[in-house]
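J.: Sequence lines, in order, name chains A and B. Under my numbering, the first residue of the first sequence carries the number 113, and numbering increases by one thereafter. Under my numbering, the first residue of the second sequence carries the number 82, and numbering increases by one thereafter.
Rather than coming from a laboratory, the hints here were simulated on the basis of the structure. Heads up, some of the hints might be wrong.
To be verified - Just a few of them, taken from the derived set where beta-carbon distance is under 7 Å, the chain B residues facing chain A:
1) 91
2) 94
3) 134
4) 136
5) 219
6) 280
Glycine included, every Cβ here is placed at the ideal spot set by N, Cα and C.
Spelled out from the first residue to the last, the chains are:
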Amino acid sequence: MITVLRAPPFATVQDPGRPGHLEAAVPRAGALDPLALAAANLAVGNPRGAAALEWALGGGEVRFERGASVALTGAQVTGTLGGRALEPLRVVRARPGDSLVVERLDRGAWLYIAISGGIDVPPVLGSRSTYLPGGFGGLSGRVLRSGDRLPLGTEATQARLEILPAELGADTSSNPIRLLPGPDRDLIPPGAWDDLVRAEYRVSRVVSRMGYRLEAGSSGLVLAGDRPSAPACIGTLQLPAGGKPIVLLGDGPTVGGYARIGAVVTADLGYFAQRRPGDSVRFRPVELTEARQALREQQALLDRLERGA
Amino acid sequence: MTGYPRVVPLGDSALLAILGEGVGVALSARVGRLAGALRDLAAPGVHGVVPAYAAVAIHFDPLAADSEALGRQVAHLAAAEMAKPAPDATAGGKLHVLPVRYDGPDLAMVADRLRLAPDEVARRHAQLTYRVLFLGFVPGFGYLGPLDSALALPRRPEPRRRVPAGSVAIAGEQTAVYPVETPGGWHLIGHTETVLFDSSREPPNLLAAGDRVRFEPVS
Numbered sequence: 113m114i115t116v117l118r119a120p121p122f123a124t125v126q127d128p129g130r131p132g133h134l135e136a137a138v139p140r141a142g143a144l145d146p147l148a149l150a151a152a153n154l155a156v157g158n159p160r161g162a163a164a165l166e167w168a169l170g171g172g173e174v175r176f177e178r179g180a181s182v183a184l185t186g187a188q189v190t191g192t193l194g195g196r197a198l199e200p201l202r203v204v205r206a207r208p209g210d211s212l213v214v215e216r217l218d219r220g221a222w223l224y225i226a227i228s229g230g231i232d233v234p235p236v237l238g239s240r241s242t243y244l245p246g247g248f249g250g251l252s253g254r255v256l257r258s259g260d261r262l263p264l265g266t267e268a269t270q271a272r273l274e275i276l277p278a279e280l281g282a283d284t285s286s287n288p289i290r291l292l293p294g295p296d297r298d299l300i301p302p303g304a305w306d307d308l309v310r311a312e313y314r315v316s317r318v319v320s321r322m323g324y325r326l327e328a329g330s331s332g333l334v335l336a337g338d339r340p341s342a343p344a345c346i347g348t349l350q351l352p353a354g355g356k357p358i359v360l361l362g363d364g365p366t367v368g369g370y371a372r373i374g375a376v377v378t379a380d381l382g383y384f385a386q387r388r389p390g391d392s393v394r395f396r397p398v399e400l401t402e403a404r405q406a407l408r409e410q411q412a413l414l415d416r417l418e419r420g421a
Numbered sequence: 082m083t084g085y086p087r088v089v090p091l092g093d094s095a096l097l098a099i100l101g102e103g104v105g106v107a108l109s110a111r112v113g114r115l116a117g118a119l120r121d122l123a124a125p126g127v128h129g130v131v132p133a134y135a136a137v138a139i140h141f142d143p144l145a146a147d148s149e150a151l152g153r154q155v156a157h158l159a160a161a162e163m164a165k166p167a168p169d170a171t172a173g174g175k176l177h178v179l180p181v182r183y184d185g186p187d188l189a190m191v192a193d194r195l196r197l198a199p200d201e202v203a204r205r206h207a208q209l210t211y212r213v214l215f216l217g218f219v220p221g222f223g224y225l226g227p228l229d230s231a232l233a234l235p236r237r238p239e240p241r242r243r244v245p246a247g248s249v250a251i252a253g254e255q256t257a258v259y260p261v262e263t264p265g266g267w268h269l270i271g272h273t274e275t276v277l278f279d280s281s282r283e284p285p286n287l288l289a290a291g292d293r294v295r296f297e298p299v300s
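Produce the entire structure from the sequences given, and follow the hints as far as they go.
T.: Listed below in structure tokens is the structure:
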């Protein structure tokens, strides 16, 4: 069991999500930075798909009622465990009664806190992920509040790693986000695609687990016409008539009516999601082969962690 | 680029099989039948087959699926669907009657833009029995159509950040009820108390593709 002594402004329980219910219009949900979740889980000896805390927007405090290994990935933080300062990437051991204090998120939007044994809330439709718009999954389908108690599963014998590899602490905030053309790309006038993908964007204040709206720096492209709703996907880059693109994320809709002009590659979804409002976003058009290769490289990294290397 | 079917990628983790364009009961029936055939295929790595008006999305795990082979199978099934006569789209389906208060925040604007009285917008909306063409967007959200073309308006240029659960909305030749609070770009003309999605119910969705829906004005 862990007790949330002081809840951050926004935290939920997330695992990799529930992919099998899209046809009932139930989005996958799940960690917005799947690589960070999987790595943190592997580090503490969990299966990579165990449920963890996805934590954003500020500090908070959690108390451990039993001993546990703890790994923090995703956003970089300043904080302490049992009074000792946290070091980036280092897997730590909480004693019963220890408090994990996150003072602040220094870089990145989403912090993942994996705890040995995983967070053992009841699965809904095959996943422990919180889906806020539907009000289910996680702890009663809602964000965590001060005073909440979360059950932990049985922990494996020991943590797999003492320290996570440096790749997981790298600053990705200026990486170009790799983009595939979307099925409605032909709606854009010739030449406009290049302008559109080369423009510099900023993450707007309209951000949620469903998606981020971007502020167009210069593009100003306005699409004429309106289309019947059509299938969409996590990563889909939509261009509403207002000209401010939207990138759909884990809680995003299974269909939508805005033109689907692009798609963020799966391997870069986490890097994109870690941007905060006001952060710069640049895209780089790629081919499918590069998108797949990037994902295989991430998978190879996780396979290495699973072997304890 | 103009012929159908077309099979195109939707990012690196999904394919689209597109059978036509626009909104129509006959096209939806074809799309639904193709979705069934794709589910029966049970291809490795595929975790979702999602029909919409004119296309089916096939969602897969890019590390587990062979997307080239999958693309060929999807193209084959889509071509086979187009070679068949269209399915009978007039057959029954469960009827749901949803009570609606036509007092949505966009009703006056919608009436103004359509050059109709607000009561006339409500009357026309409640006059037809709609088909649930497919489910999508968020849990419980059924795309209902076709709408009286006199009520067709493009979506809002930017979505609202919050649409309350129970909002009855129109956009283009479609109408729907927002089952949960979500951002949304449709025009809100009314509100219903009927619960369309409940994760503790089995099945959680009130509506299923192929059902029929009628709106009953209440004051």
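J.: Check the structure against each numbered hint from earlier and tell me which ones fail, lowest number first.
T.: Going through the list in order, the structure violates no hint and respects every one.
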